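Visitor: Protein chains in written order, with the numbering used here: chain A, 1 to 337; chain B, 1 to 302.
Careful, some of the hints might be misleading.
Not everything, but these chain B residues come out facing chain A in the computed CB check (under 8 Å) [stated by the list, open to error]: (1) Ser19; (2) Thr21; (3) Arg101; (4) Glu105; (5) Arg114; (6) Asn182; (7) Met186; (8) Pro199; (9) Leu243; (10) Ser244; (11) Pro272; (12) Gly273.
Think of the hints as simulated: they come from the structure by calculation, not from any bench. Here the structure is a predicted model, which is why all the values come from computation and not from measurement. For each residue, glycine too, the CB sits at the ideal point set by N, CA and C.
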Amino acid sequence: MFENNNAKAPRSENEVLVANDLRKFYGPREALRGLSFSLQAGRILGFLGPNGAGKTTSIRILTTILEPDAGHFVVDGISSKYPNEIRRRIGVLPESFGLPKQMTGIEYLTFFGQLYGRSAADARKHGMALLEEVGLKQRAKSLTSTYSHGMRQRLGVARALVNDPAVLFLDEPTLGLDPRGQQELLGLIRQITQERKAGVILCSHLLSEVESVCDDVIILSSGQIIASGTVSGVIGQTQSRRSGSIRIQIPPSSVAEARRILAAVPNVMKVVPTSDDAGWLRVELADPDHALAAEAPYLNNRMLEALIRAEIPILSFQPEGGRLQDVFLHLTAEAMK
Amino acid sequence: MSDKQSRMAGNTANASSASPTWWLVFWRELRDLWIGGKALYLILIYIILLGIYAFLFASNAEVKLLPLQEMVCEIVKASIAVGLFICLIIGADSISGERERATLEGLLLTPTSRRQIVVGKFFAAFSVWPVALATALPYWAVLSKGDEVFRQALLWGPLLGTLLALSFAGVGMLVSIWSNTNKTSMLVSIGIYLLFLLPTEIMGGPAKLQRTAEQWYRAELNQWVNPLAATSRFLFKIMVNKLSAAELWFWHIMPVLFTVIVLVLLFAYASPGLRLESETARKFRSYWNRWPREITKLLRIS
Numbered sequence: 001m002f003e004n005n006n007a008k009a010p011r012s013e014n015e016v017l018v019a020n021d022l023r024k025f026y027g028p029r030e031a032l033r034g035l036s037f038s039l040q041a042g043r044i045l046g047f048l049g050p051n052g053a054g055k056t057t058s059i060r061i062l063t064t065i066l067e068p069d070a071g072h073f074v075v076d077g078i079s080s081k082y083p084n085e086i087r088r089r090i091g092v093l094p095e096s097f098g099l100p101k102q103m104t105g106i107e108y109l110t111f112f113g114q115l116y117g118r119s120a121a122d123a124r125k126h127g128m129a130l131l132e133e134v135g136l137k138q139r140a141k142s143l144t145s146t147y148s149h150g151m152r153q154r155l156g157v158a159r160a161l162v163n164d165p166a167v168l169f170l171d172e173p174t175l176g177l178d179p180r181g182q183q184e185l186l187g188l189i190r191q192i193t194q195e196r197k198a199g200v201i202l203c204s205h206l207l208s209e210v211e212s213v214c215d216d217v218i219i220l221s222s223g224q225i226i227a228s229g230t231v232s233g234v235i236g237q238t239q240s241r242r243s244g245s246i247r248i249q250i251p252p253s254s255v256a257e258a259r260r261i262l263a264a265v266p267n268v269m270k271v272v273p274t275s276d277d278a279g280w281l282r283v284e285l286a287d288p289d290h291a292l293a294a295e296a297p298y299l300n301n302r303m304l305e306a307l308i309r310a311e312i313p314i315l316s317f318q319p320e321g322g323r324l325q326d327v328f329l330h331l332t333a334e335a336m337k
Numbered sequence: 001m002s003d004k005q006s007r008m009a010g011n012t013a014n015a016s017s018a019s020p021t022w023w024l025v026f027w028r029e030l031r032d033l034w035i036g037g038k039a040l041y042l043i044l045i046y047i048i049l050l051g052i053y054a055f056l057f058a059s060n061a062e063v064k065l066l067p068l069q070e071m072v073c074e075i076v077k078a079s080i081a082v083g084l085f086i087c088l089i090i091g092a093d094s095i096s097g098e099r100e101r102a103t104l105e106g107l108l109l110t111p112t113s114r115r116q117i118v119v120g121k122f123f124a125a126f127s128v129w130p131v132a133l134a135t136a137l138p139y140w141a142v143l144s145k146g147d148e149v150f151r152q153a154l155l156w157g158p159l160l161g162t163l164l165a166l167s168f169a170g171v172g173m174l175v176s177i178w179s180n181t182n183k184t185s186m187l188v189s190i191g192i193y194l195l196f197l198l199p200t201e202i203m204g205g206p207a208k209l210q211r212t213a214e215q216w217y218r219a220e221l222n223q224w225v226n227p228l229a230a231t232s233r234f235l236f237k238i239m240v241n242k243l244s245a246a247e248l249w250f251w252h253i254m255p256v257l258f259t260v261i262v263l264v265l266l267f268a269y270a271s272p273g274l275r276l277e278s279e280t281a282r283k284f285r286s287y288w289n290r291w292p293r294e295i296t297k298l299l300r301i302s
C-alpha cells in the first residue's frame, strides 16, 4: 500500500525531522521564508515567535495539513512527497481541538487507533495503556464532555501517541491550564520524550515553560529563523552581544549602602534603584568589549563578595537578559526594526 | 526490539483485521447524529410537520374536496421534500461543522483517505432518509384509506425519494466541503434548496392552467429541468392521472442525471481536495474582494 522503500531518504541516524528551505506564500505575502532545521530523537525543540511569525504555518506544513510552496522535509526518514506515510509517523496536539461529545475517552482513542490500522480489540487495549500513561485510566469510561480542560489536554496527548509517533507536535499544550496542570503536563511531556525517544516540537508562548522543558529552541520572526540552538546556547549567544546588567534584590533599608558598595566594584557603571520600591537595584555593567578582560568573568563574584562582606542580605540575584524571555523580547524587537 | 522497530510494529499493527475508514467514520457520525440528538430532533419536527399536513387534509372541509389520489400525492411529495431538506441540512453541517468544532483536524492528521472520510459522512447524512420515510408511511396509509394509490405511493415514493435524498445529501456535503463556516454552508444549502423548491411550487402546479400550447410547453419544460419538480410531476401523473410508468420515463432523466453529477462531483472531485481550510472559500473571497478594486480602476480610467 505504501512505497516505503522509495519514500526513505538518507539521513543521520538520530534525526527524526529535517526541514529544508520551506517556503509558503499566502497571496503576495511570504509567510515562511526558507525554514531549515533538524530535530533529534529524544529531544524537545521549543518553537517560539510572536503572533504571525509563521509558527502555525510551519507546524501545519510539517504535519502535512498544508503543502509548502517550496522546500521539503523528511520525517523519520520519509520524504514530504509521501504525506500519508508521514501521518503514520507523527502525533499532533493542535492548539484547539474538539472532542466528540458522545464518546468516552477510551472510545475516542479506540476510534483513532482503528484509523491507524489497529483492530478494534487491539486499539482498545492500546488506548487503555495510553490512558494509564497520561493518568486518565479512572475516567476511561466517562464521556469526554465531562472532562475538565486539563483532562482534555491529556486525552489529546494520548491521541497524539496512538500511533507511537517518531515526532510529536504540541501546539500550546498548557494553554488555559492552572499552574499545577501546567506542571503535570510538562512532566508528562518530558517523561514521554525520555521513555519513547520521540522528537518533540513544542510551540508555546510561555517562555519559562519552554526554558524549563526544552533542550533546543528556534525563534521565528516574520517567517524566518532569527535564533536557533540549545536553550543555553541561544541565551549565551544573545547575552554576549549585549552589554549586561544585573538585578539584585536586597532589603529596602539597605538600598543606600548597597548602592555605595556596588558602585565601588570595578566595571560597574551605574547602580539604580528600580521604581517598584521593593529593594530592587539595577546594576549596569561596562560593555564586555571595553571591560578589563581579566576581571569580566568574575564580576558577579566581586559584587556578591562585596555585599556579603558588608553583611547585606541578598534576596535575589538575576542577570538581566539571562532568561529566554529577555532573549526572545530582545531578538524579536531587533528583527522588527 | 529497538524503539524504531517497535514503533513501526505499532504503526502497522493488525492492519489486515482493521475496519475500513469509511465504516469507522460512518459509525462515529451515526452515533453523533442519533445519540447526540440532532437527527432525532429533525425527525421529530418532520413527524410534527407531516402530522399537521395530514390533519389538514383529513379535517379541512375545503381541502377534503380534493380527490383522494391527489391528497395522497401531495403528502408523498411533502414527505419527500421535507426529508430531502433534512438530508441537505445534515450534509451541510458534516464538514464545515467539524471545522468549527475543531474535530476535523484530528481526522485529517490520520493516514486515511479523504474520500473515505467523505463516504462515511455521506452515508451518515443519508441515514435520516430511511427513518423519515418509515415515519411517513403511516400517514400515507391512513390518508389513502385502502385505495390503490397507496401501492403506487409505496413503490415510487421511496424510490424517487431515495434518489433525491442521495443527491441532496451530496449537495449539502459539497457546499460544506467548500465552506469554511457552518453559517455559510447552511445559508448556501438552504438557498440551493429554495432554488429547486420554489419553481416547483410557483411554476410547477399551474402547468395545466396555462392558456396557450406554447405556455404549457414552457411550464412543462421548466418542471422537467428541475429534478425536484420533475419528480413531483411524475408522481402527480402516475398517482393522479393514472398514466403508466413507461409513458413517463423521461421525467426520470433529470433526477437521475442530477444525482449522478452530484455524486461524481462529491466523490471524484471535491473529496480528494478536502482540507482543514477550504481553498474554494479563500479563492471566492479573493475574487469577491477584487471586484471593488477593479471597478475603482475602471472608474479612474474612464
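Visitor: For this structure, which hints from the list above don't hold up?
Guide: Violated hints: 5, 6, 7, 8, 9, 10, 11 and 12; rest satisfied.
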